[in-house]
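Chains as they are written, first to last, in my numbering: chain W, 233 to 493; chain P, 1003 to 1255.
None of these hints come from the bench; they were simulated from the model. Mixed in with the good hints, there may be bad ones.
[Stated by the list, open to error] Chain W stretches covered by chain P per the calculated footprint, using a threshold of three residues with CB under 8 Å from any CB of chain P:
1. 252-262
2. 271-285
3. 313-323
4. 417-424
Glycine is no exception: its CB is placed at the ideal position from the N, C-alpha and C atoms.
If you want the building blocks of each chain, they are given just below.
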Amino acid sequence: MADTPAAGHTRWVRVCHWSVTVSVVLLAFTGVEILMVHPRLYWGEVGNDLTPPLIELPISRNHRHGGWANQTPFFASSGSPLSASRTYDIFNQNGWGRSLHFLAGWLLVVTGAVYLLAGVAAGHFRRHLVPRASQMSVAHFGREVSDHLRGRIPAATGGPQYGLLQRVTYLGVVFVAVPMLIVTGLTMAPAVAAAFPILLTVFGGHQSARTLHFLAFAGLMLFAAVHVAMVVKSGFTRQMRAMTVGHTEPGARTPELASKP
Amino acid sequence: MTGPRLIARRQLLAAGLASAGGLILGGCSRPVPPTYGSLLRLGDNLTYLAHRALLPGESLVKEYSRAELSSFPAVGTTDPAQPAYGRPPSETYRALQRGGFADFRLPVEGRIARPGRWSLADLKGLPSRTQITRHVCEEGWSAIGEWTGVPLSRLLDAAGLEPAARFVTFHSIDGTVDSIDLLDALHPQTLLAYGMNGQNLPIQHGAPLRLRVERQVGYKSMKYVSRIVVTEHIDDGGDLGNPKNGWAWYVGI
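Just need the whole structure built from these sequences, with the hints factored in.
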């Protein structure tokens, strides 16, 4: 089989890539739906409509709905926590939203496990993602940044012949952003937080974990936007062929990266 | 495109599906609620089985100090004596409320040795527990409250579980039905709460009696509990329960 790195991406990389794509699209869609139900973010253990938010997002009709009646303090002291009844019929599609989020989460976790095992076994991380010694210089880094800023994106090689910025970005997605999303997500689960209370300590509380989950999501979406833009800019057809059928051109092998900085 | 490659891919897909199926089938010794043909409910059941297989059954949720008590929204049904969600006002509840819930009786029945009807005074006569815990709503908010009540395990002990007992079903004055497995029912922090923040449980928060299932999301902690049935099989409540209405039965996540 002509699955050498120069002839496009290996089969397991391609399968994992599209499986992750499907799960991330579903997770992002349902994640936004879930956030729309309570479009407020907090820091610490607790946060609700009766406590001050860190950020309020005007992304659904639940934004500042103000439908609270019978506000009653629990205690006689001033500044006592309150109880109040909600009178506003909120937007809430979490029945399918949450369950689809977790189903897609399963797909991500299973694919991620396969990817990590195969990646270590195949030396994928060592060979393709850890920066090469020749790339590890300030001058090289500066040149890549300046090339990208000026829109000088090298043409696709149709395989994992990555530049320094790509390698660092992919490592960040694989080993920082996605694990952060999974772990902060699990921290929000009452049964998981009960089993591993250290999660609440590490993230500073349930609502902090929720806020960090959102920030990691925003980071991942920024990555996805730039990723797609770079695919288009560096040769959409060639890149898509490399990530689907695995050949950049039928029957042709991709030349080694010679012209790339 | 070569033939062998296509077949290899199919084999890969088949192997993946088979292993996922194996996970689900492997848990078949543990009963799961009906899926009503929905892939989402199948996913819920996978999460339930995974939690039961991977998480320690005896872990306790974090408890907080009184200084950490927070404001606490009351959502869903906030007064059964008022009409809401297409449901008429409950005259029974209005009468109970007028009498300060002195006439409230909780039937406990099903797979138990000693079925009976418990008044609030009877329940308060059982050993009580007070705990300050975090309520996590599926909507995304959370709140810390202090709950006082009888651990459900104490009530079930008093009622005498039969060996066949596996699930506990709860009926609410607001017309909903839900159930939990025995692992959650016998958990030390699962309470039938009659007090909140040092006072009687407010109407808004489920007076006279609400459930606290601390290792699941808020909607499992049923308000206005009016009847308890111990069962051998899962009673998901059918039309009155969560799965058939599009919501997960197990919500540890």
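Status of the hints after comparison with the structure:
no.: 1; hint: 252-262; verdict: violated (count 0)
no.: 2; hint: 271-285; verdict: holds (count 8)
no.: 3; hint: 313-323; verdict: holds (count 7)
no.: 4; hint: 417-424; verdict: holds (count 6)
This entry does not satisfy hint 1, going by the numbered hints stated previously; all others are met.
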